[in-house]
Structures are given as structure tokens and as C-alpha cells.
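J.: Protein chains in written order, with the numbering used here: chain A, 1 to 183; chain B, 1001 to 1183.
Incorrect hints may have been included.
Ranges between beta-carbon positions, derived for each pair [claimed, not checked]: (1) Pro1010/B with Leu120/A: 24 to 32 Å; (2) Arg1156/B with Arg156/A: 49 to 57 Å; (3) Arg137/A with Ile1058/B: 33 to 41 Å.
Residues from chain B that face chain A, not an exhaustive set, calculated with beta carbons under 8 Å [said to hold, decoys possible]: (4) Ser1005; (5) Leu1013; (6) Met1072; (7) Glu1073; (8) Gly1075; (9) Asn1104; (10) Ala1125; (11) Thr1128; (12) Lys1134.
Output of the computed footprint for chain A on chain B, the stretches with three or more beta carbons under 8 Å from beta carbons of chain A [claimed, not checked]: (13) 1037-1045; (14) 1160-1173.
Hints are computed from structural coordinates only; laboratory data are not their basis.
These numbers were taken from a predicted model, which means no experiment stands behind them.
Here a beta-carbon is modelled for each residue, glycine too, at the ideal position from N, C-alpha and C.
Number of protein chains: 2
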Amino acid sequence: MRYCSNCGAPVSLKIPPGDNLPRHVCERCQSIHYQNPKMVVGCIPEWGDEILLCRRAIDPRYGLWTLPAGFMENGETTVEAAARETREEANAAVDIDALYTLFNLPHINQVYLIFRGRLLNLDYAPGTESLEVKMFREADIPWDTLAFSVVARTLRHFFEDRRAGEMSFHLGDIKSSAANRDG
Amino acid sequence: MRYCSNCGAPVSLKIPPGDNLPRHVCERCQSIHYQNPKMVVGCIPEWGDEILLCRRAIDPRYGLWTLPAGFMENGETTVEAAARETREEANAAVDIDALYTLFNLPHINQVYLIFRGRLLNLDYAPGTESLEVKMFREADIPWDTLAFSVVARTLRHFFEDRRAGEMSFHLGDIKSSAANRDG
């Protein structure tokens, strides 16, 4: 951020009175521009013992497999965001169930929220951001070509929990992009 | 948003190619400025059968009681944000436990995440954003002067769960500001 989105004048980084972190503050109109983490929301679309994955048609991680997920929009709820992303990326209809994982990615200012989802039918097809959409049994998950470690960790929890017969919420941190292949 | 934060030129609202929502797009440098919901993160600080509340020294809801909570910052995790807000608003040290409630407030583009927290000691004191910080038993909770309905709903779940002997995660939506007194 170099210019004030309110008046167009240059901003400078300084700690406003009563604050304790540097913010972008406008030299002219004194607006303070806060920057905060974004939520990436999606789901694990289930059908029997299979789950749906999408192969990315966009960067980062073009060509790799992922769960339907994307940036939450203003004006929607997390459940609505998870269903919308599944519709947009896989043309698939889901009922969203419980929140399943929350992963903090502080190095890129993101929080991932992945829900469980029940596919309503098998009428899916790639959306504009997907090359391919496919159902996978656990044995066929393409572990080596998953797009993000947040997806790999969510799926590992999912299959472990399913084998143990009890699904429970998981919270974790993914702190280094180099070690974890997160974009 | 009226000006581009990258180059200072005017922005206009339009749907970028491949998108389906209007965004602020720069006429000169073509930067697309996305706006997304923010997370408000906090905790229920517990000590035996008491919990800590803060009386707000700032607007909105000056003078009303709330749980320590505030906007999550870039570069931190949700657990770190909950502990930081408790330190800033109540000068209190907590160990953060499980995520307890998630409330969507789509009319103001916020998602509240409230954790359970264990106070490490009773050395608390009002921070700059609090007039007063105090421990409450259930019978003494100031239900009529709570600042936000997200706080009231979180506390109702908390005491009901505690009475039932089982704490579980709750997810809900608070959709109307008028009906619910959310700021």
C-alpha cells in the first residue's frame, strides 16, 4: 500500500496514537488502513467412501490436486462460502456439515477453514478454475501431487478419523512455506 | 475505496474478466482490490467457576461488558490473537484451549472465533480499551449490559454446556444488526 484508498494521497507507515503496531496512515486525510488475515474456506465433498478433488487450472500450483476452497467474500457466512466454492470449482452441490479443520498460515496471513460436505449427487464438472474434477477412494488419493500441505494435512486427519470411527475438529498451524509447499 | 492503493489513480467498480463479483479496479495500473471479511478473535478466560469480562472504554458499546476479543493481525495465529487480545484488554495471562464458538456476522463482514482460555493467575487489570475488568460467577453475569449478542450467545452456550457436563464447539450466524445489538 502506497496511496490512501480514501483520498489518493501518499500513506506512510507509523504507529497511530493508542495502537502498538505500524499501520498505513494517510498524510492528508489521516485515514488508518488496517490489513488483516483473510479466510480461505472450503470443504471435503463426500459421497459414500469417496471424496471429490479438483485439479487446479490456475496458479499457484497449476495442475495439482486440491479440495474446493477459496477466499471468503464479504456478505456471506463460512458455510455459504464453502458451498459456493464447491459450486464454482466443481459445479457440485453439497450440504455443508461440521467444521473439520482450521489451519493458521501466518506467513501468508491466511486462515483455512475446511468443513465436511455431503455431495447431493454426482453431477459434477470442472469449473473455470479446474482442469479436472474426480472422485477418489482413500487408496487412490494423489498424495504426491496435492497442491497444498493444508489439503494433505486435512485429508490425513480425515482418513485417520474415519478409520478410528470418530470425526473430530482439528486445529493446527503451518508456519513455513518452504518446508510445506504452501503458496 | 475511491483511489488505488498501489498507484493513487481513481478506481471503478467492475467485474474483472473471469470473476463474477464487482471489484474495485484501478483505471491506470489495473490492480484489482479485493475486500474480504475480517476475523475477530478472543477467549472466555476461566478461573474455577468464574470467568473474566471487560467493560469497554471504547466505542461501539462504550461502558458495556464483553469478552476480551479483537481483530486478528497479520502474522499471527488465531490462538496467538486470542491470547494477545486478553493481554491487551485485561492484562491477563491465559493458556488458550479449544475453539469454542464461531459466529458469522455477514452484515458487517466479520467472523468471530472465541476460544476457551485458562487464566494462569488473578493478576489482571484494565488495559487501555477497558474501563474495568472483573471475574463473574454465572449468577452474576450482567446479561442486560453485555456489549454484543455474539458475547451473550457464546456465554449462554458456555453455561448450558458446563451444566450438561460436556463442552462442544458451536457454529452460528448473527444476521441482523438491529435485532441483535451487534455493532
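J.: All hints are to be evaluated individually against the structure, with a verdict given for each.
T.: Here is how each hint holds up against the structure:
no., hint, result
1, Pro1010/B with Leu120/A: 24 to 32 Å, "violated (44 Å)"
2, Arg1156/B with Arg156/A: 49 to 57 Å, "violated (35 Å)"
3, Arg137/A with Ile1058/B: 33 to 41 Å, "violated (54 Å)"
4, Ser1005, "holds (4 Å)"
5, Leu1013, "violated (13 Å)"
6, Met1072, "holds (5 Å)"
7, Glu1073, "holds (7 Å)"
8, Gly1075, "holds (5 Å)"
9, Asn1104, "holds (4 Å)"
10, Ala1125, "violated (17 Å)"
11, Thr1128, "holds (6 Å)"
12, Lys1134, "violated (23 Å)"
13, 1037-1045, "holds (count 3)"
14, 1160-1173, "holds (count 3)"
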